[in-house]
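Student: So the protein sequences, as listed, match chains A, B, C and D.
So in my numbering, spot 51 of the first sequence is number 85, and the numbers just go up one at a time.
So in my numbering, spot 168 of the second sequence is number 202, and the numbers just go up one at a time.
So in my numbering, spot 304 of the third sequence is number 338, and the numbers just go up one at a time.
So in my numbering, spot 298 of the fourth sequence is number 332, and the numbers just go up one at a time.
I should point out that these hints are in silico values taken from the structure, not numbers from a laboratory.
A few of these clues could be false.
Each pair may be met inside one copy or between any two copies, as identical chains are not told apart.
Claimed, not checked - Pairs of lysine to any residue residues, derived as SDA-like cross-links and limited to a Cα-Cα distance of at most 25 Å, are as follows:
(1) 413 <-> 197
(2) 343 <-> 406
(3) 290 <-> 301
(4) 134 <-> 299
There are 4 protein chains.
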Amino acid sequence: MNSATLELVNAPTNSKSVNRGYLEGQLREAGIHAEDPRIASLNKYLESMEPGEPITMDAIENGAAESRALLGKAISNRLVVPRFGAFRSMIEELFHKSKKAEGGAVASYIPQLKRVNPNLFGVSICTIDGQQLSLGDSNAEFCMQSACKAALYCSVLELLGQGLVHRHMGWEPSGRSFNELALNQRNQPHNPMINAGAIMSCALLMPESPMSERFDHLLKMLAGFSGNRRPGFNNSVYLSERETADRNHALAYYMKEVGAFPEGTDLHATLDLYFSACSIETTTRQMAMHAATLANAGVCPLTGSRVIKENTAKNCLSMMYSCGMYDYSGEFAFRVGLPAKSGVSGVVMAVVPNLMGIAVYSPRIDAMGNSVRGVEFLKSLVDTYNMHNYDSLTRTHKIDPRQH
Amino acid sequence: MNSATLELVNAPTNSKSVNRGYLEGQLREAGIHAEDPRIASLNKYLESMEPGEPITMDAIENGAAESRALLGKAISNRLVVPRFGAFRSMIEELFHKSKKAEGGAVASYIPQLKRVNPNLFGVSICTIDGQQLSLGDSNAEFCMQSACKAALYCSVLELLGQGLVHRHMGWEPSGRSFNELALNQRNQPHNPMINAGAIMSCALLMPESPMSERFDHLLKMLAGFSGNRRPGFNNSVYLSERETADRNHALAYYMKEVGAFPEGTDLHATLDLYFSACSIETTTRQMAMHAATLANAGVCPLTGSRVIKENTAKNCLSMMYSCGMYDYSGEFAFRVGLPAKSGVSGVVMAVVPNLMGIAVYSPRIDAMGNSVRGVEFLKSLVDTYNMHNYDSLTRTHKIDPRQH
Amino acid sequence: MNSATLELVNAPTNSKSVNRGYLEGQLREAGIHAEDPRIASLNKYLESMEPGEPITMDAIENGAAESRALLGKAISNRLVVPRFGAFRSMIEELFHKSKKAEGGAVASYIPQLKRVNPNLFGVSICTIDGQQLSLGDSNAEFCMQSACKAALYCSVLELLGQGLVHRHMGWEPSGRSFNELALNQRNQPHNPMINAGAIMSCALLMPESPMSERFDHLLKMLAGFSGNRRPGFNNSVYLSERETADRNHALAYYMKEVGAFPEGTDLHATLDLYFSACSIETTTRQMAMHAATLANAGVCPLTGSRVIKENTAKNCLSMMYSCGMYDYSGEFAFRVGLPAKSGVSGVVMAVVPNLMGIAVYSPRIDAMGNSVRGVEFLKSLVDTYNMHNYDSLTRTHKIDPRQH
Amino acid sequence: MNSATLELVNAPTNSKSVNRGYLEGQLREAGIHAEDPRIASLNKYLESMEPGEPITMDAIENGAAESRALLGKAISNRLVVPRFGAFRSMIEELFHKSKKAEGGAVASYIPQLKRVNPNLFGVSICTIDGQQLSLGDSNAEFCMQSACKAALYCSVLELLGQGLVHRHMGWEPSGRSFNELALNQRNQPHNPMINAGAIMSCALLMPESPMSERFDHLLKMLAGFSGNRRPGFNNSVYLSERETADRNHALAYYMKEVGAFPEGTDLHATLDLYFSACSIETTTRQMAMHAATLANAGVCPLTGSRVIKENTAKNCLSMMYSCGMYDYSGEFAFRVGLPAKSGVSGVVMAVVPNLMGIAVYSPRIDAMGNSVRGVEFLKSLVDTYNMHNYDSLTRTHKIDPRQH
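So here's chain A without its partners, still in its complex pose:
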């Protein structure tokens, strides 16, 4: 074993081989999940070994070349959050602290949301190096609701470009409720993160194609964001949404009337696509990857594939920063200072650019529609770590998770 490999495995003894348990322990400690596609070849190799057989570096070089680089970084603490174990401990502490926030109430405008267990609470984090961390009900499935608006906006930016998209929507918070029956002074939705804007995104998303392809296009993007894991769909929620969507119908007809939509827009197909998007099912684990892909400028950390252009990610974060938390967006930008998007199902996805994505799920929402524990958790996070947009300005006592 030469010095390079020595460095690589950072093994406790100067032996030519390392123990399998030790290797796996190091990976877990660094936040590399057992099912991370980047260590698939390593896993395969390890499984092919006889019990007790020592792991040689040569074997890794030969048999699991794809995993080699990640393994090296993980073991030598060169991932973006180098001291991931300490980070995890702190996050656990914040998780338990935030759990105490019991205010708010489950959204009740459709029975499917109302029935949800109000005590669910899950937190997942994924760094731009694919380090993952999940606490609580991180596998509980919930509908994206408004959290789908980020992906909808990304889709149309990719398809049409910013110039064309923003002929049909603005950049500004509305200063009003998220579903207010109002457009901006140019008769456009105020921004892509409110209902009117997301309905517009749906109108712009491949209007010439069959519904199935339009929806599929969105699903593919969401899968790309989340390490190629295809999200589910809650048809009961979809049907309920469609039945009770008077405000959205009112909005859409109003937009149509003032000529907000492109020529030839099919209103019903547009709304159908919107309700479908809201009914896509996901988990905090997947949403954290979604957020991490945005933090990583459009490349999914787990697959290394570019899902959206850098500029698309940048523009989406701009909009999430100023308009992503409904009526609370202004105060959230001020206090938390992170691009985020929430949904009435109780999800909040937040992005720390160039560092990580975070997803919280807890169904009790406040009067503005944001998850009470979600907001609480993110507040305590930026109180602890220097993640606020303007924290670079202040030389505080806050921890920098990037530091060794």
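Following the hints, position chains B, C and D against chain A.
Tutor: Just chains B, C and D now, kept in the frame of chain A:
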């Protein structure tokens, strides 16, 4: 001359002394202005020299100790914009390009503004290391108008703390015109950067003290921002503003009526202070220092004195980012991505956190009240340099002015 | 022939019989139309006569008893407008004067309206004694459009009573455009004469019955208003209305969302009924009878049948008075002082309580949606006759058409 | 004594003279108040008589000629409400019934209003023939508040004519609260009966004259309305109003800002006049005469003097009908159907054109600002008498007070 001093002066020849002209040239090249207070002792020393007398390092160490560190950094290109000459050339290019923007019209609601020469155009930049650069009419004096709102907000944050201040104003863009007769759902001004919010800042600024002291307090802060240079006052504008301020009176009475002000607020004194603040006179040179102090987390780069707390600077930038450009704030945050504040006199002050402050003055404003050339110049600036809030995300071709 | 019959026929000579031509001339002069159902038996009798055969009173008493009373009143000038010939001459004068008003433009939001000949101009009047008068294009067919709102409101008042109906709509002008996306502070349509209110009337009109019966119910009422003449239907307009009715859809969904409708309302059926009602075709002749029935407290002057209750007529007139002329209602009530209802097809129906109904049709409408010539004609009418709601107050030079 | 005089006094016996007590009893019974100026000469004559001296017609003809006509009408039941005794009994009944309405609360925005005894209740009626009737606290003094708006509007109509006045205000209810910070689409106050409109009336009322004369002009008109009895002034209320008038200041500045006022309007003088007008003190007795003068087309029934033109009265009634009862105007017009104006002091003045004026005072007001008992009393009044604007239409069981 030892290696340390060699490094210091980076002299062309290995002599024990350097030429005075060479030294001054190096300082100018690095952006250190002849009147920079930090080189006052050096200037004094240099002036005390006989013609032709060589400059020795020892003499500098003895006679101009305060200037020593700056001199070292400047000569060895260790200031925050190391290649300041190249930077200056590029800015000159952008200046000339932006000069071509001839749209907009001079504000005309009071005769004093209307009479201004519409062709004036000045740009000043000041880095957090006090490197300065001024082009065009950078000494033309103009009234701060709405650009005073940042300092007003800082004053009350310093005096009362964020909690108390935000009992009386919100954090959110209003989604409407800057002087709209509307408050947010809690009957507060939407944010400190619109008229209603700045009037509220005035109400909160030492309400128990005599008017003269309240105004003086603001002037002192502005002087502190600008290297201790006290700004002027345009009394004609003040009188005109007061006479034509129907909308602001309407706003203030409305705010009073719904109980927005603290108990005991004197409406007339409050408005007087507001009109006074708007009538303070300044130059782009001074406004660039103001912006640089914000970029430098509250410490004036030219004096090294802390003017406001780090947190105050951070909060002010948060508000400028989302609400500083009137109705255009949303689009400006999206496209330019810098905290900024404009005034109808034609000034725009922008902040690149941890890097520099920028001030542009050109009296022709667009329909939203922002200087046409000001916006144009800032757009071309972020197209050239990676200064947008989310440029860190994108690995673009943009220039990083921090790089050697 | 005794003195009573003498008086009856008011014959020029003291003969026992009168000439047929003379009799018919007297009836026409008094405003009794040849097709008035009340003289059907007389017409029959007259047609059964030999040429030249003299008319005896006995024969009339026997053969045309139903027509006897009207004949008496007409010949002895005891109808409500006794000097109908003079009245007709004056109306002709006003008609020609108003014809000069050439402002406005034909409604163009659907092609079917746009195509109409803009020069059409018809005026019809019908008194509470069934005296009729028609000028110009009084047989031109046009769609009722908003003029159907009066009958819709009457229908639901009859079916449900005022208490129930006004649980779902207000009594107040909206102070805004007729199709404004706004409800009053109780989340109701402001009144039954604007779109939102008429849509609500449709929702309340026999919601349990099949569409065909609901529409039929309305048609029957309209026929009742107009001497049992069933109105037509313009299916092209209906289809166009339905296709372009974005604002009305927006309104309806908004109303649904805030719970304005009764439980179980079928939105699509409601809107269908509304568009159907707007597409009913009529003439000024028929609309004048409609208005006359309202002026006559609910009894159609031509058939003597009660169509609606007195109170229903009263309530409908209250609403027409304050809200019937779109945005112009306030000024119209002030200047003209008559209950009226207009439609964008160019119809205006006005009511002089206890005196007469008036209908004007001219397709060029002003910016507020009222027929330019219609408003002009009614203004000149009240300038000439003491018909303004508060004319009773002023002892003016105006003519009283009731006077002998 | 000839038959004419016999008829005149309608004496029980065919004697040449009548008893004084009988005569006075007849006058009181007919509603002629002892202090009615029209019987001043009669009173004088009667007082000059010896006790027991019989009254001869000749003496009346000679000594009290001015009172002769009224006396004749009164005694022979030819006044507009001929059976005044029966009318009075019925009104007493309605008064006691309405007294039971105990809802509402005394206005509390200024201490002077708050301190008023909430149980006060007065009703006064005055017919167009000057027949008077007063019940309860009809001499209690209260401030006119918004009830001054009718007289303000009349003043400017008289001074400037309808055309000029309505260049600065509209004719339409606002569809919003009475003090809403909103103007109509032409940037005018919606109508003269809301705050903005009354402030405009003040601006238009002799702007060139000294304040004292402007106020005096209004006082004189009010005195003219009320039988030449000069109303009082409550200076405490005036001072309080002025101090707490934030909303009105806001309104006025807003109106100034959008150019609603005529060139050169002095805002402070305008508001001062408005607050002064609101602070004028009156009684129901006087307000009933005010209303009666309007009912009598501008001629005060008690003095026979014309105070305003017929057209002014007509226009004022038009505005009171549609806009006089704040937010309740629409429903009030529908249900009660009388022109009326209320004030937050608890007064409501209502007009039955060509018949009578009514004033009710009871300080407890409802959420819309109208006296609870005032509205209650007027509702029960029109349920009993055929006074609703459209009651002429319905041949109901309601009593006609004009009938013998």
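Student: Confirm or reject each hint.
Tutor: Evaluation of the provided hints:
1. In the homo-oligomer, the alpha carbons of residue 413 and residue 197 lie at most 25 Å apart only across protomers (15 Å), although the nearest pairing inside one protomer, at 34 Å, exceeds that limit.
2. Proximity of residue 343 to residue 406 under the C-alpha cut-off of 25 Å is found in neither arrangement, the shortest distances being 33 Å within a copy and 30 Å between copies.
3. For the homomeric pair residue 290 and residue 301, the shortest alpha-carbon distances inside one copy (8 Å) and between copies (18 Å) are both at most 25 Å.
4. Taking the shortest Cα distances, residue 134 and residue 299 never come within 25 Å of each other, neither inside one copy (47 Å) nor across copies (40 Å).
Against the hints set out earlier in the document, violations occur for numbers 2 and 4.
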